[in-house]
Amino acid sequence: MFSVIVVPADCRGPDGQFRLEPGQSLRFGRQGPGLAIAHPGVSRSAGQITATATFWTLTNLSRHQTYVVENPEGAGEHIKIAPGRVDAPVPFEFSRLVIPAGDELLGFDVWAPRHDYLDDHEADTGEPTALSFPLDRSKRYFLVLAALCEPRLRGEPHAPLPTVEQVIDRLRPIWPAISRTSVQWNIDYLAVKLRLKPPPEVALSGGRLNGKKESLVSLALRFDLVREDELDIIDKGPQP
Amino acid sequence: MSEEGPRPFTVQVSRGYRVGRWEVREPLATGAFGSVYEARRVGPPEPGDPDDLPERAALKFLPTGTRTPRQLRHLKDLAHRELTLHRKLSRPRLIRMYEAVTVDDPGNPALDGATVLVLERAEGSLDQLVERSAPGPVPGAPALLAQICEGLTQLHHAGWVHGDLKPANVLLMPDGGVRLGDFNLAAEMEGTHAYSPAFSTPDYTPPELLWSEVGERGQLIRPTADIWAFGTVAHLLLTGALPLPGASRAARRETLLRYARGDEELRLSPELPDAWREIIADCLSRTHEERAEHSGTALLRRVEAAAGTEPAPKLPRLRPRRKPGKILSTALAAVVVASIGYGVSTLTDTGSGDAGKGKRVDPASYGASELRTDKGIPVEYRKLIVDSAHDCSESAVTPALIAALLKVESNFDPNLSDPAKDEYGIARWTPRVLRYYLPDAQRPKTGNPRPPFPPDVSIPAVGRYLCAIAPQLWTTLPGDRRVLVAAAYLTSFAKVNNAGGVPPKQRPITDRLARYLKEYTPAASS
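Chains as they are written, first to last, in our numbering: chain A, 1 to 240; chain B, 1 to 526.
Just so you know, the hints here were simulated from the structure itself, not pulled from any lab data.
Among the hints, a few may not be true.
Said to hold, decoys possible - Mimicking DSBU-like on lysine-lysine, the simulated pairs with C-alpha atoms at most 30 Å apart in a straight line are:
#1 B/LYS88 / B/LYS421
#2 B/LYS88 / B/LYS505
#3 B/LYS505 / B/LYS445
#4 B/LYS407 / B/LYS518
#5 B/LYS76 / A/LYS212
#6 B/LYS445 / A/LYS139
#7 B/LYS421 / B/LYS505
#8 B/LYS495 / B/LYS407
#9 B/LYS421 / B/LYS407
#10 B/LYS421 / A/LYS212
#11 B/LYS518 / B/LYS495
#12 B/LYS518 / B/LYS505
#13 A/LYS212 / B/LYS445
#14 A/LYS212 / A/LYS80
#15 B/LYS76 / A/LYS139
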């Protein structure tokens with residue numbers, strides 16, 4: 001029941017990530033326990049991340065250094081956490097925590113995939129039955145999901161899924177920096193966010209990414225996470 | 001908080017609109033997926049109609065048309081679930097469906113193709129009653145709860161999970177009774193669980209479903225989810241407040257998570273009478289496993305006792321009782337056999353306890369009083385088989401039963417691998433099923449366990465699985481209880497209940513199994 005994922009800088013897969021449930025904390029600093037950032041310029045005990053509800057808070061345990069939390073998809077959006085500040089709330093779904101160390105900038109990523117969004121049906125009071133997949137339609141993962149679903153939404157229900165290269169070509173006009181890595185990263189993130197259960201055949205055979213893409217698209221179509229009338233986001237980009 | 005007027009109806013239908021022989025009257029209620037209108041019958045009854053086809057009914061419109069401007073695919077799935085349940089199941093405490101009509105009106109794309117269920121007309125729903133009552137307990141709450149619990153038991157016994165029990169889905173009938181309705185999220189069980197679309201009503205959702213994994217078929221749901229929701233409804237009706245405190249839904253979710261983690265205890269309202277407090281605390285147990293102990297008829301009897309109502313009629317008649325006396329005596333015989341078996345296993349327990357004090361345990365004769373030593377059961381699995389059976393207090397789950405199952409499933413082959421059927425190991429476990437019968441320490445955090453599944457993993461999981469399904473079988477089923485449990489293991493307990501015994505298709509395999517069961521059981525304990 002985790003709500004926050006901490007991804008160390010050199011982490012290349014789920015094994016190195018820290019998954020925090022609401023109420024759980026993770027310390028970081030030059031030494032363990034917790035997340036070790038081996039650099040002489042980092043305080044022995046530099047800070048602490050606490051998952052709180054669907055967001056997280058940051059405690060800056062250093063004496064002199066201000067930490068910056070950037071929103072990598074936020075066009076420069078960031079917050080500063082002063083030394084000694086306890087439990088500062090961070091509102092971003094994706095964050096990069098930047099720690100100055102000597103003349104270097106170190107850091108790691110923190111994801112908060114359980115943010116809530118108002119659903120179509122939730123605008124009024126009462127106790128609505130709600131879809132439990134809140135998605136932020138202004139995020140890049142939504143673009144990737146829309147591009148993956150597009151052929152099946154527009155035409156054939158059994159159309160082949162676009163390849164990663166086709167997704168790149170389709171999205172490049174509105175997302176110039178798109179790359180194979182970023183598309184794959186977003187596919188992996190969507191699987192975490194949508195709580196996708198790995199299908200058994202994927203666990204057994206080698207076709208990891210393809211199986212994941214297929215499961216994502218069938219889940220998205222089954223629950224109308226992307227609708228045909230939303231596909232113009234692919235041409236126009238997310239509306240602010 | 002200011003009211004912004006009534007909630008807009010999901011499906012707009014004007015007064016006087018005709019659907020088949022029904023004419024739409026007043027709007028009654030709306031939900032996220034469909035809207036309900038009152039209707040009047042304008043056509044005469046037709047051949048094949050039920051005798052009691054009413055003059056007035058409730059029409060539930062589910063916008064499943066293909067030309068609706070924003071086609072919502074999942075609505076088809078939801079409408080299908082509700083239709084299937086109504087077609088398969090009619091029980092006294094479930095709202096009744098008279099017929100289903102598809103709207104044929106090309107001139108009206110918003111309605112064309114909509115599925116319309118013609119349902120029993122209710123007076124209102126429980127949430128309206130809660131809203132209109134003064135703060136505090138809802139008048140008549142205990143009797144209402146007994147009826148809601150009766151409805152749930154009827155649903156579970158028929159092999160279905162409701163998936164969205166809440167006051168809005170409990171309907172009040174003109175005679176003062178209640179019926180369960182709104183089966184959009186209902187799911188028919190396969191074995192001990194079902195798949196439901198990943199929708200939920202947060203305040204009535206058990207912790208394990210809050211952020212649960214979702215597979216291609218939806219999320220896995222079990223009857224214990226309805227039990228949790230029942231505990232929540234009971235607390236609401238008896239005290240006027242939800243059991244978990246918090247000013248907003250998000251705050252209550254935090255309380256739920258803290259409670260589920262064990263950081264917080266349940267603090268039920270002090271005004272609850274003791275009997276109800278125990279019932280609600282059991283229904284709101286933290287885990288599925290704890291709640292599973294309180295499901296079914298036993299819960300209904302406690303609720304009825306607490307409510308002071310007459311016990312509901314026995315559930316449900318399995319099939320016409322042609323020879324009631326005979327069936328009864330067979331069932332009785334099965335109970336007697338089972339209790340003898342239980343007595344023996346208790347004795348053996350004492351035996352193995354002595355062994356633990358220092359006597360040598362001989363694997364070849366381990367549990368010999370319950371499992372024969374001369375019938376080819378591999379010695380290396382005897383202890384696993386006997387101990388797994390003893391971990392379960394269900395008398396039908398015996399070492400001989402587990403051994404016979406392993407014999408017919410794999411002929412005791414620990415290396416069996418059948419990727420075509422997705423079954424592996426000595427017990428032919430399917431990874432996605434095995435996951436739920438592993439102890440927490442062995443269960444992967446995410447995803448399914450991966451084969452190989454060695455015997456020390458597979459066999460205890462068989463014991464846990466049998467132990468979970470055995471209490472779900474009706475006690476009135478005729479025949480050897482152990483064979484019935486095995487049949488439920490091979491299909492599902494709902495199929496066995498509904499077939500009134502071993503389903504015909506399973507007979508060849510259960511006949512083989514019964515032979516081994518007899519062969520493996522020592523004369524003294526059979």
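Right, here's what the structure says about each hint:
| no. | hint | in the structure |
| --- | --- | --- |
| 1 | B/LYS88 / B/LYS421 | holds (29 Å) |
| 2 | B/LYS88 / B/LYS505 | holds (20 Å) |
| 3 | B/LYS505 / B/LYS445 | violated (37 Å) |
| 4 | B/LYS407 / B/LYS518 | holds (13 Å) |
| 5 | B/LYS76 / A/LYS212 | holds (25 Å) |
| 6 | B/LYS445 / A/LYS139 | holds (27 Å) |
| 7 | B/LYS421 / B/LYS505 | holds (18 Å) |
| 8 | B/LYS495 / B/LYS407 | holds (23 Å) |
| 9 | B/LYS421 / B/LYS407 | holds (18 Å) |
| 10 | B/LYS421 / A/LYS212 | holds (21 Å) |
| 11 | B/LYS518 / B/LYS495 | holds (24 Å) |
| 12 | B/LYS518 / B/LYS505 | holds (21 Å) |
| 13 | A/LYS212 / B/LYS445 | holds (18 Å) |
| 14 | A/LYS212 / A/LYS80 | violated (37 Å) |
| 15 | B/LYS76 / A/LYS139 | holds (29 Å) |
The structure fails to meet hints 3, 14 from the earlier list, while all remaining hints are met.
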